[in-house]
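K.L.:
Fit chain B to the supplied structure of chain A, relying on the hints for placement.
As you go down the protein sequences, you meet chains A and B in turn.
Counting in my numbering, the first sequence runs from 75 upward without gaps.
Counting in my numbering, the second sequence runs from 793 upward without gaps.
Each hint should be verified, as a subset may be incorrect.
With a Cα cut of at most 25 Å, we get these calculated PhoX-like pairs of lysine-lysine [as the list claims (entries may be wrong)]:
1. A:147 / B:801
2. A:147 / B:901
3. A:195 / A:147
4. A:245 / A:195
5. B:901 / A:195
Rather than coming from a laboratory, the hints here were simulated on the basis of the structure.
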Amino acid sequence: MELLTFVLVWPFLILTTGLVFITVGDVFLGGIGDSGSPLILYLILLGLIMLLLFGRHKKPTQPSIMEQLEELKRVIIMSSIALLFPILTRYLVGGFSQSIMVIIIALIVSFGLIAVGMFLKSHRVLTYSSIFGGALALIYLYSQLWSLGEGTRIIAAAFGLTMAVSLSIAKLKDKLV
Amino acid sequence: MSSKDVILKFIFGIVIFLFSLALVYFTANYASENSYLDYWLTLVLFAAAYLIFGMLVAGIFAISFGFLFSADVVILHLLVANFGQWPDSTKALAVFGILVLLYIIAYFKFPDTLPVPIAAPTQTQA
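Next comes chain A alone, as it looks inside the complex (with noise of 0.2 Å):
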């Protein structure tokens, strides 16, 4: 079992990585490969990912191939679920044709990811993507919650509202004593 999963690991990664092009393409530019997609946003892409590994050494000494290696699959994970789960909730919001049930389920599913990374413990992996996806997913949720009308602008605000000091007490309380 050791030896499939080491194996399928960099192909899954590449693959991944590979999805998460495709479906940014297919959200932002309104399609790929014969659309024209421009190169200058995957370059951005990738060098956003790029700086995430490389810019961030704290360790005084090089590190080995194979932790550089090890670094670069935690970033590609890290970086593949912060900006696959927006692109899910925005396809599942355009699946349901804007449904106002959807995109409340979406806000709680998004706060409470953005909850669970928060107290998360020991797993820097999971607790960035968990937050960053969140975030991400919650900027495009409240932007399709706009254009519902003023009564659900007011609740949308109220609920993001009450779940932000929420998790502040529950995570920040201990730093005041």
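P.N.:
Frame of chain A; chain B shown alone:
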């Protein structure tokens, strides 16, 4: 394992990757030109076959990686050509499946490594 063995495995892996890709696309072109099978269906069948075979021979890295990376290329080609035409619900399902797998892999394979505790030195009296 010597560096010579590593290089040899790497070269064989690349050769298998290139030949397997050539086989896929030559067969898909032949099948579609002679109306035996649809071009995309041929690619799907080959991708599935390569994936299964790559997992079966996991003990031989050169063969396994060659076939698995070929399957990757074929699957990505299928997605690039057809993803935009899928309904949003199908796209959501595909992305959801990949996300679940990513979370499982991240949870089990990439926890934070704990620092190894340093044992306190013991003093022996003369």
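K.L.:
Evaluate each hint against the coordinates.
P.N.:
Hints versus structure:
Taking the CA atoms of residue 147 of chain A and residue 801 of chain B, the gap is about 22 Å. The hint holds against a cut of 25 Å. Between residue 147 of chain A and residue 901 of chain B the CA atoms are separated by roughly 10 Å; this keeps the pair inside 25 Å, and the hint holds. The suggested pairing of residue 195 of chain A with residue 147 of chain A holds, with an alpha-carbon distance near 20 Å, which does not exceed 25 Å. This hinted pair checks out: residue 245 of chain A and residue 195 of chain A have alpha carbons roughly 12 Å apart, not beyond 25 Å.
A threshold of 25 Å between alpha carbons decides the hint, and for residue 901 of chain B with residue 195 of chain A the separation of about 15 Å falls inside it, so the pair holds.
In this structure, every one of the numbered hints holds.
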